[in-house]
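There are 2 protein chains.
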Amino acid sequence: MRILYHLPLHGGSRRVRVALREKGLDAELQQERVWERREGFLRLNPSGEIPVLVEPDGTVIPEAEVITEYLEEVYPQESLLGHDPVDRAEVRRLALWFDAKFHREVTANLVDEKLLKRFMRLGQPNSQAIRAGHANIRHHLDYIGWLCDRRSWLAGTFFSYADIAAAAQLSCVDYLGDVPWESAPGAKDWYARVKSRPSMGGILADRIPGLPPPAHYADPDF
Amino acid sequence: MRILYHLPLHGGSRRVRVALREKGLDAELQQERVWERREGFLRLNPSGEIPVLVEPDGTVIPEAEVITEYLEEVYPQESLLGHDPVDRAEVRRLALWFDAKFHREVTANLVDEKLLKRFMRLGQPNSQAIRAGHANIRHHLDYIGWLCDRRSWLAGTFFSYADIAAAAQLSCVDYLGDVPWESAPGAKDWYARVKSRPSMGGILADRIPGLPPPAHYADPDF
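Just so you know, the protein sequences line up as chains P and Z, in that order. Residue numbers for the first sequence follow my numbering, so the first one is 7 and each next one is one higher. Residue numbers for the second sequence follow my numbering, so the first one is 7 and each next one is one higher.
Errors might be hidden in some of the hints.
[Unchecked claim] As a list, the in silico DSS-like pairs of lysine-lysine whose alpha-carbon atoms are at most 25 Å apart: (1) 120(P) - 107(Z); (2) 120(Z) - 107(P); (3) 107(P) - 123(Z); (4) 120(P) - 194(P); (5) 123(P) - 123(Z); (6) 107(P) - 107(Z); (7) 107(P) - 120(P).
Think of the hints as simulated: they come from the structure by calculation, not from any bench. Since this is a predicted model, take the numbers as computed values, not measurements.
Produce the entire structure from the sequences given, and follow the hints as far as they go.
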């Protein structure tokens, strides 16, 4: 059986889970509390980061970007990168935008401060970081709206890793109720279309004990 | 003519310059002072990051990871990723290791503190960051040595983006004289082999006005 080491509100892990479902591939999910730096896990991925995919034959593929490129090469059905090199570059540019820039400017300031710090017992959330996260997310939602005015999906005419990376990050922030959807109708319309895809079912069913998501969280008609 | 927007002591820019040379592709280099947030440049890459490649036909490809994947697809001669999907995953894992982890733990603490802060007039280097950079680099040099005990190049039997990403980051730190080569003979031997490649000539010829590199910097027999 294929195994994915992951954490529920982690953007990179969610990106891989949605990609696996888009490609019709099953995986057993194993939560990995990375802050415990478990030795067996560090042997799988010396960087200590999730996600890590272990294929049924034992092949180990670590890191979200690496796993999604690997899935595209080994399971090319339902391409999530496109076929033209320039299209593929645009998909990769936007996937990197959400994985790196959105994560640094938004997810790290909101999800890591409010949630990860609690698990890692690193003290109170930094209120300045939280204010920055709330300010920054508006620019990213505007950018999603601007892209969707010009294209049917974020990177062009097809659903791709760009949409998946954006939805993976946004869904973590949305779990905390921190996405100002009402002020971003273009992004909201795009996210409603993403949420209605069956591949999103797994991540939208996750629940953190003691921390329920807002009522609209898993609802495509929000 | 192909144009590459770059900065001289920037790991991602150096990674693309070496890759272009390995593939026998010429490019005109244009320095981009990203901290000035020039409007024409933000139109090329809304994230504001270097490097950005503009192909002779006007196609714009931003970000080091995206550019190197694009080069591999459009100019497959002299493959720098390999052909087997598992080999390619290992190349990408290690390229990401040096781009992200080494950069965060070493380059940002040394090059960004000592040099970028000066250009951006952000004040004095943070001595705690510099101490962290000096401590962290030893673990990365040990990891390079460990890999080279088992393989001819970092990711396996062939010279790849893993070697290029590592050399791109390390060469920036080495320009400042901050690599403790004498305590890392395995990494030093590997880096001597990398430096002897003609593709490294361009980046090793860079000079920052008023800041000469150490005598061994460009010498493969150091």
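Results for each hint:
1. With a CA separation close to 24 Å, the supplied pair residue 120(P) and residue 107(Z) stays within the 25 Å bound.
2. Between the alpha carbons of residue 120(Z) and residue 107(P) the distance comes to roughly 24 Å, so the proposed pair stays at or under 25 Å and holds.
3. Only pairs whose Cα atoms come within 25 Å are accepted, and residue 107(P) paired with residue 123(Z) is accepted, the gap being roughly 21 Å.
4. Taking the CA atoms of residue 120(P) and residue 194(P), the gap is about 24 Å. The hint holds against a cut of 25 Å.
5. For the proposed pair residue 123(P) and residue 123(Z), the alpha carbon gap of about 29 Å is over 25 Å, so the pair is violated.
6. Under the criterion of a C-alpha separation no larger than 25 Å, the hint pairing residue 107(P) with residue 107(Z) is consistent with the structure, at around 16 Å.
7. Of the supplied pair hints, the one linking residue 107(P) and residue 120(P) holds, its CA atoms being roughly 19 Å apart against a limit of 25 Å.
Checked against the numbered hints given earlier, the structure breaks only hint 5 and satisfies all the rest.
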